[in-house]
Every structure is written in structure tokens, then in C-alpha cells.
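K.L.:
So the chains spell out like this:
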Amino acid sequence: MKRLTFVFCGLTTLLLAVVGCSDVKRTRGKVYMPDMSDSRAYETYSTNPVFADGRTSQGPVAGTVKRGDEYPVHIEMDAMGDTANYYASNQLPNPFTSLTADQLKETERLYLINCAICHGAKLDGNGPLWKDGEGPFPAKPAALVGDSKYESMSDGQMFYSVTYGKNLMGSYASQLNAKQRWMVISYIKIKQGKLKPAGNADTTVVASAVIK
Amino acid sequence: MNQTRKIAQQLYSALIFTALLTVSQLVQSQDGKALFNQKCASCHAIDKQLVGPALKGVEDRWDDKKMIYEWVRNSASVIKKGYPRAVAVYAEYNKVQMTAFPELKDQDIDAILGYINTGGAKAAVAGTSTASEDAAGTESESDSNFLYGILTLILAVIALILLQVNSNLRKIADETEGFKTAEPIPFYRNKAYIAILVIILFLVGGFYTFQGAQGLGRSKNYQPEQPIFYSHTVHAGINQVNCLYCHGGAQESKHANIPSVNICMNCHMGINEYAKGPKLYRADGSSVDGTAEIQKIYKYAGWDPAAKKYTSKGKAIEWVRIHNLPDHVYFNHSQHVNAGKQQCQTCHGEIQKMDEVFQFTDLSMGWCVNCHRETKVQFTENKFYSIYEKFHEDLKNKKMDSVTVEKIGGTECQKCHY
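Heads up: the protein sequence lines correspond to chains A and B, in order.
So for the first sequence, the working numbering puts the first residue at 1; every next one is plus one.
So for the second sequence, the working numbering puts the first residue at 1; every next one is plus one.
Because the hints were derived from the structure by calculation, they are not lab data.
None of these values were measured; they are calculated from a predicted model.
From the three backbone atoms N, C-alpha and C, an ideal C-beta is built for every residue, glycine too.
A partial selection of chain A residues facing chain B, derived with a Cβ cut-off under 7 Å:
#1 Y32
#2 S39
#3 L168
With these hints in hand, go ahead and build the complete structure from the sequences.
P.N.:
As C-alpha cells, then:
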């Protein structure tokens with residue numbers, strides 16, 4: 001009898017162990033000598049008592065220009081419902097209208113990463129987020145090629161839209177710097193046939209890069 | 001008799017008439033769909049408020065159809081005239097003026113309205129049916145594992161009982177035969193048993209002690225719960241968002257940055273519900289309401305989805321860091337992604353298939369060094385390594401067929417520890 005209870009107890013503990021065990025690891029685990037492992041200095045994403053907003057990661061000081069960056073464009077974002085600055089941006093010239101073959105390749109890569117998700121790899125406004133209405137995005141993205149509205153849109157106005165966002169498109173200023181934004185706009189203009197790629201006028205090279 | 005025939009005839013003609021009407025409406029809404037997608041869908045949906053209002057039932061809201069025509073062709077003039085519905089809509093949507101479509105004729109607008117009246121219902125049905133499809137598939141595997149476990153246990157118990165029965169039977173047999181048997185030694189005093197048990201305990205204990213000691217400071221499979229259930233399967237897998245779209249820092253800095261809320265809002269200003277993807281589950285099996293998780297972003301961003309504007313100051317989302325190297329190791333993402341042309345998945349595993357991300361590798365030094373020994377550096381079409389002239393020459397002269405990371409100093413201590 002005694003032995004039976006012994007066996008029974010053993011079995012139940014084993015069963016509980018099997019059932020209770022989860023292979024989801026929600027904790028980090030132990031560290032040997034954490035002072036060698038955890039940074040004493042503030043790290044990029046750590047909280048920080050020094051700054052007012054409590055973050056170590058701070059934006060650039062207002063009014064400064066990062067070395068190697070473009071000078072800022074002095075057109076502010078429109079207030080809600082206002083379009084004055086949006087139309088004023090028509091006057092902005094694109095400083096990067098001639099792209100070398102290398103730049104074009106890089107710009108295409110940037111376009112495919114940041115824009116193609118909505119506007120499509122073929123610039124037809126049919127990216128994976130829209131997919132003819134099958135994707136999750138509720139609005140049809142602009143067809144950058146084939147729609148006269150966007151084919152005739154000035155570089156400056158595009159720059160405004162990419163920088164501050166327009167309608168359901170958000171601001172891409174945090175993902176692409178000013179030079180990259182201008183270059184992407186030049187890329188779109190090349191695809192629209194409004195701009196000839198400099199450095200290599202051979203359009204077949206450009207076309208093959210798209211397929212890749 | 002005559003009368004019934006008349007009625008039948010009337011009925012028949014009415015039937016034909018309605019059939020023709022629906023057919024004509026179908027044709028019209030075909031056209032309307034194309035027009036709607038081309039002209040309206042950038043700002044309007046049928047069932048959903050986007051930049052502009054949801055268009056379902058628009059004809060009921062505007063009692064004068066002529067005003068709709070005029071509004072579409074030039075909304076400003078309708079507002080100027082002071083048509084009450086037009087003024088109200090304009091004010092309600094933050095005075096964002098609708099793009100004018102002077103090229104649309106009355107028939108075109110009718111076709112679009114026709115599509116709105118018929119297509120809306122279809123879209124709604126399609127939306128709901130996909131979400132409820134799965135749920136059956138995932139549970140069967142863990143179930144069968146559990147069953148196998150119980151079966152093994154039962155078999156083990158039966159084996160034990162049979163062994164007991166066997167020894168008892170032998171004892172009885174021996175007694176009836178008249179053999180004198182020695183008093184049996186209980187198993188817990190049997191030296192052979194004890195020796196085997198000690199050896200097994202030593203091996204198992206030693207294995208776990210060694211593994212535990214080695215695992216100190218390593219967090220393989222670490223899968224913390226994040227403040228928002230962000231599924232990489234949905235974003236990077238199903239919707240094909242490039243890794244660098246959100247983690248663009250990986251190509252130009254030490255850190256693969258955690259995306260700011262602004263980047264979430266790029267898409268989620270529009271996508272405010274999770275309706276079309278597969279059902280989501282946490283790693284522990286509990287189900288997730290995707291739409292509620294999207295609403296959490298709005299809270300962090302200070303975005304009012306009804307008013308379509310930022311109404312309060314945003315708050316940082318405190319994501320839990322998963323991959324963390326000790327402070328005495330230097331690691332740079334741009335060096336690996338940009339110069340080394342490595343895929344994110346090499347170190348992070350198949351992120352595009354992880355609902356909740358876990359640490360795929362143990363991030364041990366042995367793992368780093370091993371990869372540096374085996375990985376061949378991409379020397380061609382890579383300006384970063386043009387400085388290694390001798391290697392380039394040797395490659396050209398076929399003295400060597402490839403250069404590993406180790407050969408360009410990838411296993412030197414000071415490269416990562418200084």
C-alpha cells in the first residue's frame with residue numbers, strides 16, 4: 001500500500017511537470033557578472049534622467065544642419081485644411097535631376113524599400129498593401145506612372161508630399177533624408193519618361209534593373 | 001381565365017424588365033468599379049471613412065442628385081452656393097477640399113454611384129469570411145504530443161506491474177517446487193541498481209550543470225511579451241514590408257533602429273482594423289484581437305482616428321529589447337548589412353514567419369567566430385573591400401578562390417573587444 005502511494009505521487013508530479021512546462025521563454029535568463037554585460041553608460045534606447053523627455057536618443061538641435069546634408073527647404077507644413085504651402089512648393093527646384101548609373105541603382109533600391117509597398121514596383125499604384133483591393137490598405141495608392149495628375153505634378157510638390165505627407169500618405173522625412181527624397185522623385189520622373197537618366201542613357205539597363 | 005392570363009403576362013414582362021435592369025446595373029457597376037478605383041479610391045472607401053467619408057448611402061444623404069454631380073466636378077462651387085449638406089461635409093472633414101474631377105460626366109458619376117450601391121455589400125461579405133476560416137489546424141499537433149506522453153506513461157506503469165507480477169509468480173513457483181530462495185533484496189538496497197542510478201544522475205546532472213553554466217548570459221529563444229502585439233508574419237511576411245522600411249538604421253548605423261511611432265502611422269493612418277489576415281495567436285496559444293492592437297498605436301501616437309488628426313502629444317512605445325550583446329562586445333549593423341551584404345535572416349532567423357519574435361541564435365562568441373570563419377566576403381561589386389589589393393590580385397590570378405571574413409581580420413580580438 002505504501003509503495004502504491006509512493007508510485008502514485010511520483011507519477012502525478014511527473015504529469016504536472018509535463019503539463020505545466022511551457023517552451024515559451026518570457027524571461028532573459030541569468031547573467032554571470034552583469035557588470036561586465038550591462039552598459040554603465042546610457043545606451044541609445046535607454047531612459048535618461050538628464051533630458052526633459054527622459055530619453056537618451058535625442059533629435060538634432062533645431063536649426064542645425066547635419067554634415068553632408070542638404071540645406072533645409074523653408075516651406076512649412078500646411079495647417080489642416082490649408083493648401084497654401086502645398087502649392088507654394090511648386091516653386092522648389094529638384095537639385096538632383098541627373099543621376100549616375102550607381103545613384104540610379106541606389107535610388108531604385110530606396111524606392112523599392114520605402115515606396116513600392118504601396119505605389120508598386122512598377123509605379124502603377126498596385127503595391128502589396130493594395131493588391132487590387134485585396135491588401136489591407138483601404139485606399140488606392142497613387143499610380144505614379146499612367147495617371148496624368150502625378151505625371152504632371154511638379155518635383156517640388158512631390159517633395160512636399162513625401163516630406164510632410166499628403167492625404168493618407170505619411171511623412172517619409174524620418175526614413176529618407178532630403179537628398180534621398182529628391183533622388184527618389186527624380187527616379188519617379190525617369191520612370192514617367194519626363195527625365196532622362198544621366199550617365200547612361202541606355203533605357204534597357206534601367207529596365208532590367210527594375211525586373212531584378 | 002382571361003384575367004389570369006393577363007396577370008401572368010404582366011408578371012412575365014415585369015420579370016424580364018427587372019432582369020434586364022439588374023443586368024444593366026451589373027454592367028454599369030463593372031464600369032463604375034474601374035472608375036471608382038481610378039478616381040475615388042485614393043480618398044474614399046465604400047464602408048470606411050478615409051480621407052473623405054464612406055460613400056455607402058451617399059445618395060440618401062444628398063437629396064439633390066444634381067448637387068452630387070456638381071460637387072464631384074467642382075466641390076468649391078457647391079460650397080460657395082451654400083448647399084447645406086456640402087457645407088456640413090466640408091466642415092466635418094477639416095476643410096480638406098475634394099479634388100475636382102471636371103472630366104466625369106453624369107453617366108460616369110451614375111456608374112460610380114451604381115458601383116457604390118452594389119459593390120459595397122459584396123466587399124463587406126468578402127472581408128468577414130476570410131477572417132473566420134482557420135483556427136482548426138494549429139491545435140492538433142500539441143494534442144497528439146500530449147496523448148503520446150500519456151500512452152508512454154501507461155505503458156511504463158503496465159511494464160512495472162508485469163515485472164512485479166513476474167517476480168511474484170517466480171517466487172510462488174519456487175516455493176511450490178520446494179526451492180529455498182534467499183530473502184529478496186528490495187531494489188533500493190540493490191547495489192547494482194544504486195550504482196546505475198548514481199551514474200545516470202551524475203551524467204544528467206553534469207549535462208544540465210554544464211549547459212546552465214554555458215547558458216549564463218545567453219538568451220536563446222527569449223521571447224518577451226511586447227507592449228503591442230506586433231506580428232512580423234503579418235507585416236514582413238504576408239504584406240511584404242521590407243525589413244529596412246522600419247529598421248532603416250541597420251544599413252547606416254550601429255543600431256538597427258526601433259521604428260518610431262511615425263513609421264507605424266505611415267500605414268496605420270489608413271489601416272485601422274485587422275480584417276483580412278489569418279487569426280493571430282500569442283506564443284502561449286491565447287488569441288489576439290488585431291484591431292485592438294492597432295488601436296493601441298493610436299493611443300501611443302496621440303492620434304484620434306475619428307477626427308483624423310493628432311490630438312495629444314505622443315508617448316514612446318517601450319518595446320522590450322530581445323537581441324542584446326554584452327557591453328564588452330562591439331557590434332555594428334551597417335558593417336554587416338551594408339558592407340557585408342548579409343541578410344537579416346542570417347542572424348535573426350526567419351523573422352517573416354515569427355508572430356512574436358524570439359532570439360533565434362544564442363549570440364555566443366563561438367557562433368560569431370564560426371560564421372566569420374565560414375562566410376565568404378563578397379569581394380566583387382563591393383567598393384568597401386577595394387582596399388584589399390593583394391586579395392583582389394590573388395583572386396584574379398586564381399591563387400585563392402574566395403576570401404573569408406577571418407582572412408580580413410574578422411577573428412582578431414580587437415575587432416570586437418576593445
